[in-house]
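Engineer: Make a model of the complete structure from these sequences and hints.
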Amino acid sequence: MTTTHTLNPTEVARLAVDVAAEKLATDIVMMDLRQLTAFADYFVVMSADSARQIEALEEDMTNAMKAAGVARTHREGTPTSGWVLLDFAGVIIHIFGPEERDFFGLERLWSRAPQVVRIL
12 MTTTHTLNPT
22 EVARLAVDVA
32 AEKLATDIVM
42 MDLRQLTAFA
52 DYFVVMSADS
62 ARQIEALEED
72 MTNAMKAAGV
82 ARTHREGTPT
92 SGWVLLDFAG
102 VIIHIFGPEE
112 RDFFGLERLW
122 SRAPQVVRIL
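Counting from 1 along the sequence shown, just add 11 to a position and that's the residue number in our numbering.
Hints listed in this document are in silico derivations from the structure and should not be mistaken for laboratory results.
There could be a bad hint or two in this list.
Claimed, not checked - Cβ pair distances, simulated, as ranges:
id : residue 1 : residue 2 : range
1  : E22       : R129      : 16 to 24 Å
2  : L96       : I130      : 17 to 25 Å
3  : S61       : T17       : 31 to 39 Å
4  : E33       : A82       : 19 to 27 Å
5  : A62       : I130      : 17 to 25 Å
6  : N74       : T17       : 14 to 22 Å
7  : R123      : A62       : 29 to 37 Å
8  : R119      : Q46       : 13 to 21 Å
9  : S92       : Q46       : 29 to 37 Å
As the list claims (entries may be wrong) - Here are the simulated DMTMM-like pairs of lysine to aspartate or glutamate, each with C-alpha atoms no more than 20 Å apart in a straight line:
id : residue 1 : residue 2
10 : K77       : E22
11 : K77       : D29
12 : K34       : D98
Being a predicted model, the structure only gives us computed values, none of them experimental.
Don't be surprised by glycine CBs; every beta carbon is placed ideally from N, CA and C.
Structural biologist: Written out as structure tokens, the structure reads:
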């Protein structure tokens, strides 16, 4: 008999951080939004050096979540635009090119959100 374990939002966000670090994303930040908004528990924000790396991170993130039994509920952006958003049930992952990350400034916009993890 097999037991399925559903990951809670904190575990999903930490898995995203682990995958991002393993796949060489840079400036990885896990932000706790639970006290600030109802639409998400966490943002995981990361940078990638190229459209190809954004695409690879998206694929690796999606595969890791699927293997953990976490379904993607929404996706926006394209690797060539320099930004991809992946929503895994309240954990929103932002994969940015360097210029796009600076332009959108999520850490500035959500400066009241505690940064649980930051990997430079």
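Engineer: None of the hints should be skipped; say for each whether it holds.
Structural biologist: Cross-check of the supplied hints:
no.: 1; hint: E22 with R129: 16 to 24 Å; in the structure: holds (19 Å)
no.: 2; hint: L96 with I130: 17 to 25 Å; in the structure: holds (20 Å)
no.: 3; hint: S61 with T17: 31 to 39 Å; in the structure: holds (34 Å)
no.: 4; hint: E33 with A82: 19 to 27 Å; in the structure: holds (21 Å)
no.: 5; hint: A62 with I130: 17 to 25 Å; in the structure: holds (22 Å)
no.: 6; hint: N74 with T17: 14 to 22 Å; in the structure: holds (18 Å)
no.: 7; hint: R123 with A62: 29 to 37 Å; in the structure: holds (32 Å)
no.: 8; hint: R119 with Q46: 13 to 21 Å; in the structure: holds (18 Å)
no.: 9; hint: S92 with Q46: 29 to 37 Å; in the structure: holds (31 Å)
no.: 10; hint: K77 with E22; in the structure: holds (14 Å)
no.: 11; hint: K77 with D29; in the structure: holds (15 Å)
no.: 12; hint: K34 with D98; in the structure: holds (19 Å)
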